[in-house]
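Engineer: Sequences listed follow chains A and B, in order. If you count the first sequence from 1, position 255 lands on 255 in the numbering used here, and the numbers rise without skipping. If you count the second sequence from 1, position 272 lands on 272 in the numbering used here, and the numbers rise without skipping.
The set of hints was computed from the structure by calculation and includes no laboratory data. Predicted model, so just to flag it, every value in this text is computed and none were measured. Hints are not guaranteed to be accurate.
Stated by the list, open to error - Only some residues are given here: those of chain A computed to face chain B with a beta carbon under 8 Å:
hint, residue
1, 23
2, 25
3, 26
4, 29
5, 61
6, 117
7, 247
8, 350
9, 365
10, 378
11, 396
12, 400
As the list claims (entries may be wrong) - Far from chain A by the CB rule (all over 10 Å, computed), these chain B residues:
hint, residue
13, 292
14, 337
15, 354
16, 395
Claimed, not checked - Covered by chain A, according to a simulated footprint, are these stretches of chain B (three or more residues, beta-carbon under 8 Å):
hint, stretch
17, 76-82
18, 262-268
Here a beta-carbon is modelled for each residue, glycine too, at the ideal position from N, C-alpha and C.
Number of protein chains: 2
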Amino acid sequence: MEENSFLELAKKAKAASKKIAILPTELKNKALLNIAENLLKNQDKIFEANKKDLDEALPLVEKCELSKSVFNRLKLDENKMRDMIQGIVDISNLEDPVGKTLLKHQLDDGLVLTKISCPIGVLGIIFEARPDVISQISALAIKSSNAVILKGGKESVNTNKAIMAAIQEALDMTEGFPKDVLTQVFSRDDVKNMLSMDKYIDLIIPRGGNSLVKFIKENTKIPVLGHADGICHIFVDKSADLDKAIRVVIDAKTQYPSACNAVETLLIHKDFEGTTELLKALENAGIELVSAPESWHKEYSDKILAYKFVTSLEEATEHINEFSSGHTESIITEDEKNAQIFMSAVDSSGVYHNVSTRFADGFRYGFGAEVGISTNKTHARGPVGLEGLTIYKYNIEGDGHIVKDYVEGVKKFNHKDL
Amino acid sequence: MEENSFLELAKKAKAASKKIAILPTELKNKALLNIAENLLKNQDKIFEANKKDLDEALPLVEKCELSKSVFNRLKLDENKMRDMIQGIVDISNLEDPVGKTLLKHQLDDGLVLTKISCPIGVLGIIFEARPDVISQISALAIKSSNAVILKGGKESVNTNKAIMAAIQEALDMTEGFPKDVLTQVFSRDDVKNMLSMDKYIDLIIPRGGNSLVKFIKENTKIPVLGHADGICHIFVDKSADLDKAIRVVIDAKTQYPSACNAVETLLIHKDFEGTTELLKALENAGIELVSAPESWHKEYSDKILAYKFVTSLEEATEHINEFSSGHTESIITEDEKNAQIFMSAVDSSGVYHNVSTRFADGFRYGFGAEVGISTNKTHARGPVGLEGLTIYKYNIEGDGHIVKDYVEGVKKFNHKDL
Numbered sequence: 001m002e003e004n005s006f007l008e009l010a011k012k013a014k015a016a017s018k019k020i021a022i023l024p025t026e027l028k029n030k031a032l033l034n035i036a037e038n039l040l041k042n043q044d045k046i047f048e049a050n051k052k053d054l055d056e057a058l059p060l061v062e063k064c065e066l067s068k069s070v071f072n073r074l075k076l077d078e079n080k081m082r083d084m085i086q087g088i089v090d091i092s093n094l095e096d097p098v099g100k101t102l103l104k105h106q107l108d109d110g111l112v113l114t115k116i117s118c119p120i121g122v123l124g125i126i127f128e129a130r131p132d133v134i135s136q137i138s139a140l141a142i143k144s145s146n147a148v149i150l151k152g153g154k155e156s157v158n159t160n161k162a163i164m165a166a167i168q169e170a171l172d173m174t175e176g177f178p179k180d181v182l183t184q185v186f187s188r189d190d191v192k193n194m195l196s197m198d199k200y201i202d203l204i205i206p207r208g209g210n211s212l213v214k215f216i217k218e219n220t221k222i223p224v225l226g227h228a229d230g231i232c233h234i235f236v237d238k239s240a241d242l243d244k245a246i247r248v249v250i251d252a253k254t255q256y257p258s259a260c261n262a263v264e265t266l267l268i269h270k271d272f273e274g275t276t277e278l279l280k281a282l283e284n285a286g287i288e289l290v291s292a293p294e295s296w297h298k299e300y301s302d303k304i305l306a307y308k309f310v311t312s313l314e315e316a317t318e319h320i321n322e323f324s325s326g327h328t329e330s331i332i333t334e335d336e337k338n339a340q341i342f343m344s345a346v347d348s349s350g351v352y353h354n355v356s357t358r359f360a361d362g363f364r365y366g367f368g369a370e371v372g373i374s375t376n377k378t379h380a381r382g383p384v385g386l387e388g389l390t391i392y393k394y395n396i397e398g399d400g401h402i403v404k405d406y407v408e409g410v411k412k413f414n415h416k417d418l
Numbered sequence: 001m002e003e004n005s006f007l008e009l010a011k012k013a014k015a016a017s018k019k020i021a022i023l024p025t026e027l028k029n030k031a032l033l034n035i036a037e038n039l040l041k042n043q044d045k046i047f048e049a050n051k052k053d054l055d056e057a058l059p060l061v062e063k064c065e066l067s068k069s070v071f072n073r074l075k076l077d078e079n080k081m082r083d084m085i086q087g088i089v090d091i092s093n094l095e096d097p098v099g100k101t102l103l104k105h106q107l108d109d110g111l112v113l114t115k116i117s118c119p120i121g122v123l124g125i126i127f128e129a130r131p132d133v134i135s136q137i138s139a140l141a142i143k144s145s146n147a148v149i150l151k152g153g154k155e156s157v158n159t160n161k162a163i164m165a166a167i168q169e170a171l172d173m174t175e176g177f178p179k180d181v182l183t184q185v186f187s188r189d190d191v192k193n194m195l196s197m198d199k200y201i202d203l204i205i206p207r208g209g210n211s212l213v214k215f216i217k218e219n220t221k222i223p224v225l226g227h228a229d230g231i232c233h234i235f236v237d238k239s240a241d242l243d244k245a246i247r248v249v250i251d252a253k254t255q256y257p258s259a260c261n262a263v264e265t266l267l268i269h270k271d272f273e274g275t276t277e278l279l280k281a282l283e284n285a286g287i288e289l290v291s292a293p294e295s296w297h298k299e300y301s302d303k304i305l306a307y308k309f310v311t312s313l314e315e316a317t318e319h320i321n322e323f324s325s326g327h328t329e330s331i332i333t334e335d336e337k338n339a340q341i342f343m344s345a346v347d348s349s350g351v352y353h354n355v356s357t358r359f360a361d362g363f364r365y366g367f368g369a370e371v372g373i374s375t376n377k378t379h380a381r382g383p384v385g386l387e388g389l390t391i392y393k394y395n396i397e398g399d400g401h402i403v404k405d406y407v408e409g410v411k412k413f414n415h416k417d418l
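Bound conformation, chain A alone (with noise of 0.2 Å):
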């Protein structure tokens, strides 16, 4: 698309955004709920679409020109509509995020501050050959009263099409629902023109490899909601429990290795009398074992982990904030002492105790739906929810206050919370 192009549909998307902020919560859902029943409406339009780029993935594959894991992801079946739709639902039935006062302080008599959240603005939706992100992103950001500019991975151009075609359609039948809500670009040049546009673009959320996250966030001024490296950490401590130690480092490690919260270092305490144990567990739940990595920063995202003695609990939670990405950390020790100094020492969006790293993750956190991860150190950190499509407005309601009589002493604030 043009330059000119794209900042037309960004100001109808900044134009749009004014209009869904205002929005009733029931009308929200009623569309989540036209878009869930649109959607199985139109399963077989949307299959069909989604063969037809199969079939053109399928030759890449082939020729190794594409991963045979983002075929996989590209595929979708009667499985993962039905996950999409129920997510959909799930995601109606959650409470708004929008207009909860989150602070009422009287400033003085009969003058009043609320702390009211409301939504971000724009948001731009960066992702790759997963058709499920476009309903999910859609209806977390209808829920949550944003406008979104959905760009996707040309694999899944064909597949993102019919879905979207089927959500737009469901959102034209909601009355009183504002158009240039959702909107779907699908060239390069638009990554360009979305990472460019701070004007009218409040927040740019990638789903995707490492590599996206990184040339995204070197590439924009505005702000970035997300994580490009996992790099998480187990430190076993002197006094950690044997069982518990093997248990969570497999499961960490094996239960899902490409997930970016599956650990790629152990730091073993020099002290800690079950280490032969350990390793041989490891090696034998097929975890390939490395001493001498060539870097501490190197995400494996396979059954490889990375491991160093440490002398202390001093030098394990330097190391880990040094070499971490910030992602999630956990410690395995039967001391509570060690397990606190661990937990406030360790500067990363999640620290835990006794846990595997693997729990990093919206739905086990309970937020019932998830925007992704961010390792940010502002806005929003770890598993990020609706609340993280949120900020807030202070309102304030007078009778013809003004400063002028606090600055002169005519009148004084008298704060209190209400």
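Since the structure of chain A is already known, use the hints to place chain B on it.
Structural biologist: Frame of chain A; chain B shown alone:
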């Protein structure tokens, strides 16, 4: 400073940020009181240094190379010093924003998630010729357990050095307080260095004029907390009370015209019957009225007010959403319903009813201290207190819990808030 030297300094600040992150509240407060005491003890030295800065600045003012208002802000007298010191004592009395439990949620028996507030890390503060900013920001950073790199204006370099010397001496006296929490840099190159080190600096806070803030926002990937323009609006609705309209607009324009929360544009409903009296009253208050401004984006910072007639509430909110800088807006109306529509439809950090826009201020909001006012759409919006210098982390306490059990259905989550 050479880029490499700055890098070393930034690394030290990052290391210090991990240490201050776990400092007990009492120790932070002790450090603050020591700073307050030592500033008082060293005030003559500081005044001397300030005199040197003023002596060097005066010829520049005479040659019109430095504005009178910058010169005035540069000047430190006993009143300002007393306020500075009292400000630090006040911050020591505020609640610690770090270590607060924001959520406690059982995922399963013996598996408990806690969301805990924690510091952001390293703050980069860039400010112009206001030496009182150093002590204020240093105190806020210490209270919120963040490390800081400060770069002040060149006009106040002697004053800044003298203040920082007194602060550092106080911190050295405070047993157990980590080194390198506060660092001061001086050169233009250091600004460039600061803005480029997104690996070590987590948040930039600019304190100064529009052009400084704009330059910073355009030249860094680090999140920036602040505001450039302050284009605030007041909408006088059809059913506005004339006296309230006059009071509020005069206050919002004249009480401190160069403040960011002063009003720049007045929108008047075409059917408002008091228009003639309103405009006359504004002129009598010394306000210059402009009916055809060169731009609705202009911030006058003076007793000049652009105005425009609108045909509806909707036209008013649309004008504001298009031209506002997202700072603060107010509606003057006796129609409660219109007030509610305005307050929810206008997308600014502060949206008021029958109140002067000048109330947008952390102290007036009752936050006790203010880092600045943010027009961001993420992280923190409006007047930002200590809370805006924190983020959170998630801790999970378990007993060898692994994800495999839940994926395979051996165990089930029993989410509940605790």
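Engineer: Hint by hint, note whether the structure agrees.
Structural biologist: Structure-based check of each hint:
no., hint, in the structure
1, 23, "violated (10 Å)"
2, 25, "violated (13 Å)"
3, 26, "violated (16 Å)"
4, 29, "violated (18 Å)"
5, 61, "violated (27 Å)"
6, 117, "violated (11 Å)"
7, 247, "holds (5 Å)"
8, 350, "holds (5 Å)"
9, 365, "holds (6 Å)"
10, 378, "holds (4 Å)"
11, 396, "holds (4 Å)"
12, 400, "holds (4 Å)"
13, 292, "holds (24 Å)"
14, 337, "holds (13 Å)"
15, 354, "violated (5 Å)"
16, 395, "violated (5 Å)"
17, 76-82, "violated (count 0)"
18, 262-268, "violated (count 0)"
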